[in-house]
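2 protein chains.
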Amino acid sequence: MSEISGDAGFPKLRKFFDRAEYLVRLEKVRAEMVARGMDLLIVSDPANIGWMSGYDGYSFYNHQCVVVSMDNEPVWFGRGIDLNGAKATTYMTDSALFAYPEEYVQRDLHPMEYLAREVIAGRHWEGLAVGVEMDSFYFSAASLTTLQKHLPKNSWVDATGLVNRQRAVKSETELRYMRIGGRILEKMYARILDLIEPGMRKNDLVAEIFATAIRGVDDFGGDYPSIVPLVPTGIEAATPHLTWDDSKFQRGAGTFFEIAGVYRRYHCPLSRTVYIGQPPQKFLNAEKAVIEGIEAGLEAAKPGNTCEDIATAFFSVMNRHGIQKGGRVGYPIGMSYPPDWGERTTSLRVGDKTVLEPGMTFHFMPGLWFEDWGLEITESIVITTTGSSCLCDVPRKLFVKN
Amino acid sequence: MSEISGDAGFPKLRKFFDRAEYLVRLEKVRAEMVARGMDLLIVSDPANIGWMSGYDGYSFYNHQCVVVSMDNEPVWFGRGIDLNGAKATTYMTDSALFAYPEEYVQRDLHPMEYLAREVIAGRHWEGLAVGVEMDSFYFSAASLTTLQKHLPKNSWVDATGLVNRQRAVKSETELRYMRIGGRILEKMYARILDLIEPGMRKNDLVAEIFATAIRGVDDFGGDYPSIVPLVPTGIEAATPHLTWDDSKFQRGAGTFFEIAGVYRRYHCPLSRTVYIGQPPQKFLNAEKAVIEGIEAGLEAAKPGNTCEDIATAFFSVMNRHGIQKGGRVGYPIGMSYPPDWGERTTSLRVGDKTVLEPGMTFHFMPGLWFEDWGLEITESIVITTTGSSCLCDVPRKLFVKN
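As they're listed, the protein sequences go chains A and B. If you count the first sequence from 1, position 388 lands on 388 in UniProt numbering, and the numbers rise without skipping. If you count the second sequence from 1, position 129 lands on 129 in UniProt numbering, and the numbers rise without skipping.
What the hints contain is simulated information worked out from the structure, not anything from laboratory work. Hints may contain errors.
Stated by the list, open to error - Anything over 12 Å on all C-beta distances counts as not near chain A; from chain B, calculated:
#: 1; residue: G57
#: 2; residue: A96
#: 3; residue: A121
#: 4; residue: S171
#: 5; residue: E172
#: 6; residue: A190
#: 7; residue: E197
#: 8; residue: T239
#: 9; residue: Q278
#: 10; residue: P303
#: 11; residue: C390
Said to hold, decoys possible - Cut-off 25 Å, straight-line C-alpha distance, at most; resulting in silico cross-link-like pairs (BS3-like, lysine-lysine):
#: 12; chain 1: A; residue 1: K248; chain 2: B; residue 2: K187
#: 13; chain 1: B; residue 1: K248; chain 2: A; residue 2: K153
#: 14; chain 1: B; residue 1: K397; chain 2: B; residue 2: K288
#: 15; chain 1: A; residue 1: K282; chain 2: A; residue 2: K397
#: 16; chain 1: B; residue 1: K153; chain 2: B; residue 2: K288
#: 17; chain 1: B; residue 1: K401; chain 2: B; residue 2: K248
#: 18; chain 1: B; residue 1: K288; chain 2: A; residue 2: K149
#: 19; chain 1: B; residue 1: K15; chain 2: A; residue 2: K248
#: 20; chain 1: B; residue 1: K302; chain 2: B; residue 2: K397
#: 21; chain 1: B; residue 1: K28; chain 2: B; residue 2: K302
#: 22; chain 1: A; residue 1: K12; chain 2: A; residue 2: K187
#: 23; chain 1: B; residue 1: K28; chain 2: A; residue 2: K149
#: 24; chain 1: A; residue 1: K302; chain 2: A; residue 2: K397
#: 25; chain 1: B; residue 1: K288; chain 2: B; residue 2: K248
#: 26; chain 1: B; residue 1: K187; chain 2: B; residue 2: K28
#: 27; chain 1: B; residue 1: K288; chain 2: A; residue 2: K12
#: 28; chain 1: B; residue 1: K248; chain 2: A; residue 2: K15
#: 29; chain 1: B; residue 1: K149; chain 2: B; residue 2: K282
#: 30; chain 1: A; residue 1: K401; chain 2: A; residue 2: K248
#: 31; chain 1: B; residue 1: K15; chain 2: B; residue 2: K28
#: 32; chain 1: B; residue 1: K12; chain 2: A; residue 2: K187
#: 33; chain 1: B; residue 1: K397; chain 2: B; residue 2: K282
#: 34; chain 1: A; residue 1: K353; chain 2: A; residue 2: K28
#: 35; chain 1: B; residue 1: K282; chain 2: A; residue 2: K248
#: 36; chain 1: A; residue 1: K187; chain 2: A; residue 2: K248
#: 37; chain 1: B; residue 1: K248; chain 2: B; residue 2: K397
#: 38; chain 1: B; residue 1: K288; chain 2: B; residue 2: K302
Positions of the beta carbon are idealized from the N, C-alpha and C atoms, including for glycine.
Excised from the complex, chain A in its bound form:
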């Protein structure tokens, strides 16, 4: 009985997209590599890895990547014990899967040394210009310095966002997955509105949110979100990223829910705010302003317009209502892994001149965080040929529970 991690013939267990779709993606990435003068690309962002190769596993706490060259199949590179996972989920042939041994895991030996020697030098790719995702979570400072040390003849080019930007326009299959996420999210909000009441512990509601998300809808089981449910109440809602505790909901406070329905790693996020009791006038004023602002933003969300146009339309309504709101009001969405469900490329903000195209998807997310309270009413949208449509149908309003 011998523990192994490399036998041939392990079956493909999961297939989220046809091989043809992966090949289209590969060609898009290669065209951009050529445009930016790269011969080779090391893809470290787990969502980029998944989008390029199909690889799906909770293994990104170890160094892993996909290496894209101009002629061969992309190479999946990861930890030995994950090799069967790569065989099960990627579209590539087994010969394109390359595992590093266990002595490179969390020791002085860095996996990028193994990549340098066994893959890049091993395939005679020394001297090439290599794109690396300089500001990806999972491409650490040591990843860069290790590669540079062991590959002195290669040159290094910043490829942050290169693959992410190719993901912007979604295919029909991707949109289908996101709409399933949207339907899951509708069930999550129905459950929240059913259950929330004074005296309920916050963690007990989050338990129901998670359970509903993962049960999914119809035959479609839900997947895990890249960001856990954010449910700040009262003064906690003056800042967006506090997680829940085991305190009880009380009358006379607002709670916003920043949550997503997820199917096969595709996210449909959406926020709503629930006030228990009679909302103060400031909540009602903010609700009115935000809803008008979203309507104005959605009017501006159409092909040919820019990301900035959505933000400007929203801000002009806010200004009319006397609410100072800066920063960005949204970001592109799609496939993702923790810790972020945004695509980390464009933003819906003043100055972002990215032209909107049919198939682009955004979380239009104008969160309002004031001195001691907050309100979030948001929409996930897809740009259509003539305008935009929402990916999820939850009434656009401040919910009031008495």
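For this one, chain A is given, so just place chain B on it according to the hints.
Same frame as chain A, but now just chain B:
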């Protein structure tokens, strides 16, 4: 009505440890900085940030850090909208909290440029030797190159694992949190064994696992795990990191559960395997070997022995049973954030001479992943003054459900 993110007087909403405990931690870290010749330390790992400052929020998808100098309070540095979150959760005074503006979020401007100029140069820390966590997830290659570019007079020292290693020996409060995690985990396993049956969809069971984890135990609400439940069945169990899908459990296959109970970010992980139907002899043989191996490992888990001793004791039993098992059989645990619940310092493996001390906590995790099946039976343990004890009480066996 003006959106803000910086008013004075925001209340401390959460306090997981006394200020005195944070000061002890700070002195331990400073002593290690001196020993390694660092004047300043930039802490990027969210668990290290939390352990040093108390900061707790799902905001680590943005650049953030804690800067430790030799005399002042540690500086929390993060995104503007998270400043109130820092006020709510850190033990420091508001003057130690420093936020970067929204134009540094996911644009060409890098937050580390702001840190360099406003914090490090602003406090006249140019010329100092700065420790950086070179191989932390959240200290990207661009974080390093940006700091180096804007602070040409500073020198840079690798501080990977420096803070992590100070976290190894747990305080009484930390152990209490981990034991609460263990009690939550006991409920999670009871729920799994209650529910699992042929025909149940895997995602529906994961929904119950999540819900039970977050409901918690008694008055203690559960927190989110840094790794989602891993529940591979049959051939999927030949690799450890595939996540669930919506297929149904069937008779005649084993499923291992790699899950954790979590309280206030402190994790108690533990794996068990459930076989539906009559287990083949190979499962029963592996069960027997692993249980004997764990017993041998636990015998070796005592102060004065080393991490290696636990691994060697385990492997010698495996060899006797004719099972080849390499790599590591465990890692230290405690506070963590996605994507990993290990402390990423020592390992239970041959060659690791770290001496065991009372209060150290490990996930003793000898996973077996074979050609087309796998088995995980593990324990989370704390080293005591005389030996070790388990943090969670789940029968140590292969569970069989007929």
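* Violated hints - listed by number, lowest first -> 1, 8, 13, 16, 18, 22, 23, 25, 26, 27, 29, 32 and 35
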